[in-house]
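**Q** Please build the complex by placing chain B with the ligands on the supplied structure of chain A, with the hints as guidance.
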Amino acid sequence: MAAPFRPRPPEAHLFTSVDDVSARLAETGYLASPAVATTVFLADRLGKPLLVEGPAGVGKTELAKAVAEVAGARLVRLQCYEGVDEARALYEWNHAKQLLRISAGRDETWDETRHDIFSEEFLLPRPLLTAIRGDDPKVLLIDETDKADVEVEGLLLEVLSDFQVTVPELGTVTATRRPFVVLTSNAGRELSEALRRRCLFLHIGFPDEELERRIVRLKVPGLEEALAASVVRVVGALRAMDLRKAPSVAETVDWARTLLALGADTLDEAVVRDTLGVLLKHQDDVLKAAAKLDLSSV
Amino acid sequence: MTGKADDMTGGTDVASRLTGFVAALRDHGVRIGTGETVDAAEAVRVLGLADRELLREGLAATLLHTTGQRQLFDAVFGLYFPQGVGAPGGDAAGREELRERLAEALAADDSALMGRLAIEAVDGLGGYGGAPGAGGWSSYQTLERLRPQTLLARVRDDVRARGGGGGFAERLLDDEIRRRIEVFRGQVAAEARRRVAERRGRDEIARRAVAPSADRVDFLYAGRERLAELRRTVQPLARTLATRLAARRRRAARGTIDLRRTLRGSLSTGGVPVRPVLRRRRPARPELVLLCDVSGSVAGFSDFTMLLVQALHDQFSKVRVFGFVNRLDEVTGLLVHGAADAAGLGARIRAEARLTGWHDSSDYGTALGEFTERYGAAVGPRTTVFVLGDARTNMADPNLPALRWIAGQARHVHWLNPEPRALWGTGDSAAPEYAELVAMHECRNARQLGALVGRLLPV
Ligand SMILES: Nc1ncnc2c1ncn2[C@@H]1O[C@H](COP(=O)(O)OP(=O)(O)O)[C@@H](O)[C@H]1O
Ligand SMILES: [Mg+2]
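For the protein sequence lines, the chains are A and B, in the order given.
Residue 1 is where the first sequence starts when you use my numbering, and the numbers rise one by one after that.
Residue 299 is where the second sequence starts when you use my numbering, and the numbers rise one by one after that.
Here chain A stands alone, though its shape is the one from the complex (with noise of 0.2 Å):
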């Protein structure tokens, strides 16, 4: 096994351990589980593009903006959508500028012209561009990629391969210091084998009753410890129920700030029939957890 594998140099390493990973980010209000530390640090290790995949809600995004925050790195943020293309991701011509500039018509020739503005001062940077160039740290963000077209992704895989761009008119950028790179997806669409195949992987599921705990008493320090164990029970209780939308972690958390909000110091049946719809989007779901909770009446 002995490949050759060169890892970065030291000094462009963020994190010194895994311990050190999850110290750092729940500085910056971020709780991560050892999966989570574990393959962060791995991630920073190995120079290898992150792929987050879970529900919505458990912090996928989250967990990048930590990282940028603890890595003191500026956040590069490409938001996918449906539709959006390289002229969105990556870069493109300021047309307006252009026209202006050849309306303005100098006394020069068209070749000159022509070589003015193709320039970096008519370029609009997106997002893959911003990320690559510049000496400075940085997180690029690829936030929801399921719901880019699969043409993007081809798109991706050759940015986060070679970590270089090349404009046809101005020549290829490849990036001096490469940014530490968060894929995020809701697997509402399969990702590419290839895309897969660039990244590491990190599933991120629920979290176990422990570390929701502790999510909620640092997100909403005003609750009692009580409390937040019963709130914490009773969202558990909810995701084993086989409900079209199971709640997530910012469920738990909005939930914990209404009962805080309400002056609630105890769960009891009516606090919970009056506030089952901030956990729960659909109504057949409320239906369903009233009757399995033995509610009354909802």
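Any given hint might turn out to be false.
[To be verified] Covered stretches of chain A, as calculated for chain B (at least 3 residues, CB under 8 Å):
| id | region |
| --- | --- |
| 1 | 32–38 |
| 2 | 182–189 |
| 3 | 192–206 |
| 4 | 229–235 |
[Said to hold, decoys possible] Below, computed lysine-lysine pairings styled on DSS-like, alpha-carbon distance capped at 30 Å:
| id | chain 1 | residue 1 | chain 2 | residue 2 |
| --- | --- | --- | --- | --- |
| 5 | A | Lys245 | A | Lys65 |
| 6 | A | Lys219 | A | Lys147 |
| 7 | A | Lys147 | A | Lys65 |
| 8 | B | Lys616 | A | Lys245 |
| 9 | A | Lys245 | A | Lys292 |
| 10 | B | Lys616 | A | Lys147 |
[Stated by the list, open to error] Quick list of simulated restraints, FRET-style, between CB atoms:
| id | chain 1 | residue 1 | chain 2 | residue 2 | range |
| --- | --- | --- | --- | --- | --- |
| 11 | B | Glu398 | A | Glu193 | 48 to 54 Å |
| 12 | A | Tyr81 | B | Asp516 | 36 to 42 Å |
| 13 | A | Thr172 | B | Gln707 | 53 to 59 Å |
| 14 | B | Gln707 | A | Ala250 | 50 to 56 Å |
| 15 | A | Arg239 | B | Glu468 | 17 to 23 Å |
It is worth saying that the hints were derived from the structure and are not from the lab.
Cβ atoms here follow ideal geometry from the backbone N, Cα and C, with glycine treated the same way.
**A** Chain B with the ligands in isolation, oriented as in the chain A frame:
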């Protein structure tokens, strides 16, 4: 007993352990390239071996690419990087003492302690066969003797006595304890596998004793539990397929440039065609007819496929589903209402539709004939027909003209056969004869089904 994967400190040993581990995963269909293996080795180097959980997460991050393979991965990991080696130290604990300590661990929700008790339990209660080398360890026997499920009431009392009860969350307690017991059962199963592997060689056990991931289980041999697990993949699979179909549809609709409209549009620009007009194809959505053998032998396959099609129904202008054993009946309505209760669907179809005459083995010839006579009008030039079944006619006449007639009417006919191709034509299988008339595809598991449906469904 140490917490480390401790007999793998030497470099070559780690390397060969990793190679064996990767080979075992590949045997189970996880596609791992050399690049990933190199990454995994590097992960082992930077993480070290001291912490087994980090090692497991690091290897998963480098070797896996999808969520569905994680359960398989964990089972194989347990064999190649075991918690400890050999038997636990100390005297074997007796049944009563183990139950006592397990009750405490369950009450405290201490899964690390539960894991250690699983090791002791398999050692103390799970061994069978006296002669060295002849026996083994059984998780079934361990759990039969320990009967952890009967601890529920005790654990509940324990938790309450500690003041953990009371209040609203009280009513969740029983289910919580049941889930903890489930976790313990899994721990016992993993430990029994490990002990057996130690004796018989882990490569062999990894191959045989670790269940394949659900989407690769043969429909024909999947037990009830695996089928239930499979049914839970229907919705995600349907979602993936729907996006794939939508993409195909978009591509088809993008179509060609409409020259006439482009030129007409160019009149305003002095005849320079600046805006190409794309011809918009807005075809009506296709119609689908499903003919499903729902007899006992292939029921798991048909049920799964029907649920999948039902989940995809909004991709079509019309879906009609027919079930048969040796008679045929329309079950479209049952399916619409049955989707909510997927587990009971097959049973309801078999109970409520008239699918059998005077015997209950399948008869493709009669069923196909009945379809053409009673429901022939369901098939037209926009219809794609899927036939699901193993084409085993129980020696009856296959009625080839009926299938030929259907093929003549429909836009496409595809036959999905859950039997391995090598068995087609053996015994009473009429597969080769049918395959001469319509395209027949081997479809043994959910993975193949997903690929076929994504490719064959019309858009
Ligand atoms: N491990 C965690 N530590 C701290 N907060 C978390 C964690 N996981 C989830 N959250 C909370 O959940 C919210 C939703 O997270 P987000 O990153 O938007 O989810 P996703 O991108 O996975 O849909 C965050 O605002 C944060 O409050
Ligand atoms: Mg997000």
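**Q** Does each hint fit the structure? Answer for all of them.
**A** Now for the hints, and whether the structure bears them out:
1. 32–38: With 3 residues closer than 8 Å to chain B, the region 32–38 of chain A meets the three-residue bar; holds.
2. 182–189: Since three or more residues must qualify, the claim that chain B covers the region 182–189 of chain A holds, with 3 doing so at under 8 Å.
3. 192–206: holds (count 8)
4. 229–235: holds (count 4)
5. A:Lys245 x A:Lys65: holds, 25 Å
6. A:Lys219 x A:Lys147: Holds, because 29 Å separates the two Cα atoms, which is no more than 30 Å.
7. A:Lys147 x A:Lys65: holds, 20 Å
8. B:Lys616 x A:Lys245: holds, 28 Å
9. A:Lys245 x A:Lys292: holds, 16 Å
10. B:Lys616 x A:Lys147: Roughly 28 Å separates the two Cα atoms, so the pair holds.
11. B:Glu398 x A:Glu193: 48 to 54 Å: holds, 51 Å
12. A:Tyr81 x B:Asp516: 36 to 42 Å: holds, 40 Å
13. A:Thr172 x B:Gln707: 53 to 59 Å: holds, 58 Å
14. B:Gln707 x A:Ala250: 50 to 56 Å: Holds, at about 52 Å.
15. A:Arg239 x B:Glu468: 17 to 23 Å: holds, 19 Å
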